[in-house]
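Spelled out from the first residue to the last, the chains are:
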Amino acid sequence: MSAKLEVLSLNLQKHLGKQIRSQQVALGEITIDVDVGDYVAVMTTLRDEPDLCFEELMDLCGVDFSTYANGQWAGKRFAAVSHLISVAHNWRVRVRCFATDDNFPSIPSVVSIWNSVNWFEREAFDLYGIVFPGHNDLRRILTDYGFIGHPFRKDFPISGYVEMRYDPDQQRVIYQPVTIEPREVTPRIVREERYGEADNA
Amino acid sequence: MPDIQNYTLNFGPQHPAAHGVLRMVLELDGEVVMRADPHIGLLHRATEKLAETKTWVQSVPYMDRLDYMSMMCNEHAYCMAIERMLGIEVPIRAQYIRVMYDEITRILNHLLWIGAHGLDVGAMTMVLYAFREREDLVDCYEAVSGARMHAAYYRPGGVYRDLPDSMPQYRESKWKSAAEVRKINEVRSGSLLDFLEDFVKRFPKILDEYETLLTDNRIWKQRLVNVGIVSPERAMQLGFTGPMLRGSGIAWDLRKKQPYEVYDRLDFDIPVGVTGDCYDRYLVRVEEMRQSNRIIQQCIDWLRVNPGPVITDNYKVASPPRANMKSNMEELIHHFKLCTEGMHVPEGQVYSAVEHPKGEFGIYAISDGANKPYRLKIRSPGYVHLSAMDELTRGHMIADVVTMVGTIDIVFGEIDR
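Going down the list, the protein sequences come from chains A and B.
Its first residue numbered 6, the first sequence is counted upward by one per residue in the numbering used here.
Its first residue numbered 946, the second sequence is counted upward by one per residue in the numbering used here.
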């Protein structure tokens, strides 16, 4: 761990303490997991505390962990992962917040802390169905007007459910169930630990 | 007489100044914009979901199609994410090639931007000049990868192949006489580096020409100065990066602040704006082109005297040389496994960002150890910048909306993904 990362890690512990559920350092990046209840308070501290000073929110995205490592995931299904950056200190942190209810994922909005998160939360809502209470304009953003479902969830097929074509009889564009057969060229493979090593036979 | 109410106007998606498929619902009071509501997603292809169903290396060409005006920078962030997760070292020559092509890409992008921005606000000729110069640079793309736009040249572990020793030549045709062809082939007689060096020598003068057309142009200044002012505080609050942030006076550039590849060995400056209006952002981008030009020259000088490998020799990541594949069993197996199953990236998560011509382009990848990404999030700068559209245009005249679209440098491939 570089000196800078160590300072950041200490500052995080000092100012957030128990609010951090867990903290991982990997590949030169710090990830902190926080509870839904502490989420807004943690984010406010991250922005306002001069020792941390994360002025910019770079990215927020939803993640669906339901098929992680072929279904080995034990934790909650949905998370909102945000990447913060401090222009003053030149460091980054990743904040992960898991929604408590898998059937109705809800994570408080941070749009009043960083205005840039506006469209990211709309996107996470659109694609994953994560609801952000406190967001005043939570509409769909990327999918079609009148789209049904949340397409980036792992149980949503890659081909979707409906397709659109021009119908010469009705002389208009119609929606109909998809006619494409799902096809997987390269299967998804997760190797067991130390696959192919001599003493693993 | 009835009261005149605010009315809404639909701007785009088929509007020549919408830079693609931007649909904006503008609420107007007379000619003043009260609210702008961009509707995006008309070019949504679910790149991130598609990437989950492809092996790691198969998604590289998808990256070109995100911001289709700065193709190689997108690939760069993606390849860097994979390399960091795998913990592999990229050969130094490949790093220089990448930096050189990143800067070529930056000039390509800014040239298109200056042309389109000029066109938006009425400087018709700019686009013609800018495309004249773009031609030489897309030729460099073509020489190295075979494609003029969607190169797929960067690969995890390095670049696809070394720089070519010769440039493709023009041939005599119905439209080009022998004398003409001889003249344009003159600079193409040497290697790619010779051709590029010739361009680098010419380019500062060309930029001066552009500036005589625009920088002190009355109309250009009337349209840009004090339009769309963003204070540094608001710029950070709105998540601006790249020239949009630097235009507001914050000297933030990932190439300097968090250097990747060989940027820390190169000499260049970061231009910064003062007032944060559209004119400052214009000046910043023009100066960035000059700085990119300097970087390219330094890379050319280095690449000329330092031959070496351009892709990692770790055959679990990159394909072995074809000759060895034909004669060596081990290499044959590596090639077969790579092409049928692809590489396995160790479990973990990474966020890799590059200084893209438009701002910070980031790839957030989660791997569960499979041969495909578990989740790939693309942080595109244009998405964030466009989300600030409402704040930028509010209170401005409707004609300034087009200036704002131009100054953000919108490309829909990356916004809708």
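The set of hints was computed from the structure by calculation and includes no laboratory data.
Be aware that a few hints might be false.
On the chain A side, residues computed to face chain B include the following (Cβ under 7 Å) [unchecked claim]: (1) V30; (2) A31; (3) L32; (4) I35; (5) E60; (6) D64; (7) Y73; (8) H88; (9) N95; (10) N120.
Computed far set for chain A versus chain B, every beta-carbon distance over 12 Å [as the list claims (entries may be wrong)]: (11) A8; (12) S14; (13) Q18; (14) I25; (15) E61; (16) L65; (17) N75; (18) Q77; (19) N108; (20) F125.
Quantities reported herein were computed from a predicted structural model and do not represent experimental measurements.
Backbone N, C-alpha and C define an ideal beta-carbon position, used for all residues, glycine too.
Contradicted hints - numbers only: 1, 4, 15, 16, 17, 18, 20
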